[in-house]
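K.L.:
Protein chains in written order, with the UniProt record's numbering: chain A, 1 to 315; chain B, 1 to 315.
No lab work stands behind these hints: they were computed from the structure.
Check before you lean on any hint, since a few could be wrong.
Note: identical chains are not told apart, hence a pair may lie in one copy or across any two.
Said to hold, decoys possible - Keeping only pairs whose Cα atoms sit at most 20 Å apart, straight-line, the calculated SDA-like set for lysine to any residue is:
1. Lys294 - Asn174
2. Lys291 - Asn174
3. Lys294 - Gly109
4. Lys246 - Asp314
5. Lys291 - Ala247
6. Lys291 - Arg197
7. Lys103 - Thr199
8. Lys145 - Asn86
9. Lys294 - Gln88
10. Lys89 - Val309
11. Lys294 - Arg197
12. Lys291 - Gln194
Protein chains: 2
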Amino acid sequence: MKNEECFSAPVESFMDDFDFGENLARFDKAAVFEEIDAMKDGPPFRKKKEQYLQPHENVLDDDEVEKEEKSQPSTTKDGYYYLTENEQKVPAVSPGDRAAIFKSSEMAGFSRERRIATVGLCCAQLVLGLIGGSQRFKVGNKHQKPTVVLLCGSHTQGAQGVSCGRHISQHHANVIVCVPGENKLNSEVSRELQLFRETDGEVILSPQNLPASPVDLIISALHRPAANLENDFSKSCIRWATQNSKACILSLDPSKHQDFNSKWSIFVGLPLHGSASLGNIYLCDPGIPNKFYKSLGQEYVVPYGSKFVIPLEDT
Amino acid sequence: MKNEECFSAPVESFMDDFDFGENLARFDKAAVFEEIDAMKDGPPFRKKKEQYLQPHENVLDDDEVEKEEKSQPSTTKDGYYYLTENEQKVPAVSPGDRAAIFKSSEMAGFSRERRIATVGLCCAQLVLGLIGGSQRFKVGNKHQKPTVVLLCGSHTQGAQGVSCGRHISQHHANVIVCVPGENKLNSEVSRELQLFRETDGEVILSPQNLPASPVDLIISALHRPAANLENDFSKSCIRWATQNSKACILSLDPSKHQDFNSKWSIFVGLPLHGSASLGNIYLCDPGIPNKFYKSLGQEYVVPYGSKFVIPLEDT
Numbered sequence: 001m002k003n004e005e006c007f008s009a010p011v012e013s014f015m016d017d018f019d020f021g022e023n024l025a026r027f028d029k030a031a032v033f034e035e036i037d038a039m040k041d042g043p044p045f046r047k048k049k050e051q052y053l054q055p056h057e058n059v060l061d062d063d064e065v066e067k068e069e070k071s072q073p074s075t076t077k078d079g080y081y082y083l084t085e086n087e088q089k090v091p092a093v094s095p096g097d098r099a100a101i102f103k104s105s106e107m108a109g110f111s112r113e114r115r116i117a118t119v120g121l122c123c124a125q126l127v128l129g130l131i132g133g134s135q136r137f138k139v140g141n142k143h144q145k146p147t148v149v150l151l152c153g154s155h156t157q158g159a160q161g162v163s164c165g166r167h168i169s170q171h172h173a174n175v176i177v178c179v180p181g182e183n184k185l186n187s188e189v190s191r192e193l194q195l196f197r198e199t200d201g202e203v204i205l206s207p208q209n210l211p212a213s214p215v216d217l218i219i220s221a222l223h224r225p226a227a228n229l230e231n232d233f234s235k236s237c238i239r240w241a242t243q244n245s246k247a248c249i250l251s252l253d254p255s256k257h258q259d260f261n262s263k264w265s266i267f268v269g270l271p272l273h274g275s276a277s278l279g280n281i282y283l284c285d286p287g288i289p290n291k292f293y294k295s296l297g298q299e300y301v302v303p304y305g306s307k308f309v310i311p312l313e314d315t
Numbered sequence: 001m002k003n004e005e006c007f008s009a010p011v012e013s014f015m016d017d018f019d020f021g022e023n024l025a026r027f028d029k030a031a032v033f034e035e036i037d038a039m040k041d042g043p044p045f046r047k048k049k050e051q052y053l054q055p056h057e058n059v060l061d062d063d064e065v066e067k068e069e070k071s072q073p074s075t076t077k078d079g080y081y082y083l084t085e086n087e088q089k090v091p092a093v094s095p096g097d098r099a100a101i102f103k104s105s106e107m108a109g110f111s112r113e114r115r116i117a118t119v120g121l122c123c124a125q126l127v128l129g130l131i132g133g134s135q136r137f138k139v140g141n142k143h144q145k146p147t148v149v150l151l152c153g154s155h156t157q158g159a160q161g162v163s164c165g166r167h168i169s170q171h172h173a174n175v176i177v178c179v180p181g182e183n184k185l186n187s188e189v190s191r192e193l194q195l196f197r198e199t200d201g202e203v204i205l206s207p208q209n210l211p212a213s214p215v216d217l218i219i220s221a222l223h224r225p226a227a228n229l230e231n232d233f234s235k236s237c238i239r240w241a242t243q244n245s246k247a248c249i250l251s252l253d254p255s256k257h258q259d260f261n262s263k264w265s266i267f268v269g270l271p272l273h274g275s276a277s278l279g280n281i282y283l284c285d286p287g288i289p290n291k292f293y294k295s296l297g298q299e300y301v302v303p304y305g306s307k308f309v310i311p312l313e314d315t
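The shape of chain A in the complex, shown without the other chains (with noise of 0.2 Å):
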């Protein structure tokens, strides 16, 4: 009876609903190979269950990684911080705790893609006052006009990367965005990127096309904080910057296992336990309000007083 109420009625009549393009499209399949990519020895459910995994390893690139570090002590308990200006206290936490906050603002309004706009305007104001400030963007210094690399993989962190680049752009700096060919992006990078294609910014679609000249700075939006990716396009980018000797390494967003120098860094929101390869950190303030917070803790105050970027000291 069961079976002829479930498969009783003639397969046209779903088959009108059925919209293969659409169904198609909704397909990630960029993610879904850089998923792949990002595993060496299989695919995660296989890996989980022999626990190939150490317990501070991370392989996935994904928020189930994000999730299962949420269920580790987080690195807020360890009562790791940084010090700001002011000597206010600023915990480090976990990619997973950090994550749980941003989740929780999207569900009450605060978009990603409004996180990625306020983040790439933020860095931005960052990158030119650490290029030059106003002494070299002064309006009409063509001769001085510094040239900005932006690495962006496909991921938040790579939107941020190329929200940055196109505020950096229009402030009359020439601007070169990296990213892993069009077909390879997910739709926050993809809808930035056609927002950049108005500047003057150049795009480039491999890292071999990546200049031999040397440049003024070179942006890392790489790595989630989850995770070091991997990847062929992350490697051979790392391997250019880091042979690109004289240009300094602003990594943004960074992921806890850098495993090449930069000369800063800024984190969105909170800083993670960092290396020494991170350089020195910054924090920027995600628009995102203090409520969210409050899992750090009745003892936590957003600690950027009247600026939207603040210095943070390693203790």
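We have chain A; now place chain B onto it with these hints.
P.N.:
Positioned in the frame of chain A, the structure of chain B alone reads:
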């Protein structure tokens, strides 16, 4: 035969698809009432036909007026300009010319939501500097916490005001946003207000509830650039603001017809030809690439240098 084709289907076949509730929801009652409020002698099409309007008058407060102004000689062509600190010329434009620039950027993907968010953030940065900067906003400096009142109309300018208020609130100021009642808000203001409600800020739905005690700063986002909308809400707000005499007023994206004195005004993207009542002029970067300003001619260079908000001097 044609009539038969059109009308032969039974009425019921259309009725099924017609959702009265949804169609009613689409009807923006508040906007229609505001439009009627703005008219003195009747609907716009009658006026236009009978030519009640003089060329210098702006009664309607919508894009239609801006489109009409577009066809008039723009202020740019009059050659009026402001100067930056570096003595770069920034042309004053008509509201219509500026609206056309914004419109073309919207067509290319720079949504109004993004522009509102960018202006809100930049304006908040200016405000935090104007009312005390890093000394006053020192974290933990609770007894000097400033109070800022934002008066926001139901239009893009109002939405920019609410967005600005949200950022200020997150940076430890007491923020009060006054809007003309929930059911009178357009979708842009509603959306920003929803986000504002996640902060510790206060929302007031009638000018009668504005605080009697002195405040530190009043931000007016009451008027659209094309016209001074003389409705009861803005009249009451202005009356309160001018009587609350100790507090300075910052006009956000103001009308050039503004009839009260502000200490500062901040224009978005391009300044209008202002009057003395606008006070000191600032210009903020709405995040639109340089190419969209090409209608201003080859000689125009985006003037921000390394900043996103710059002061302008009257000539």
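K.L.:
Okay, which hints does this one fail, numbers in order?
P.N.:
Failing hints, ascending: 4, 5.
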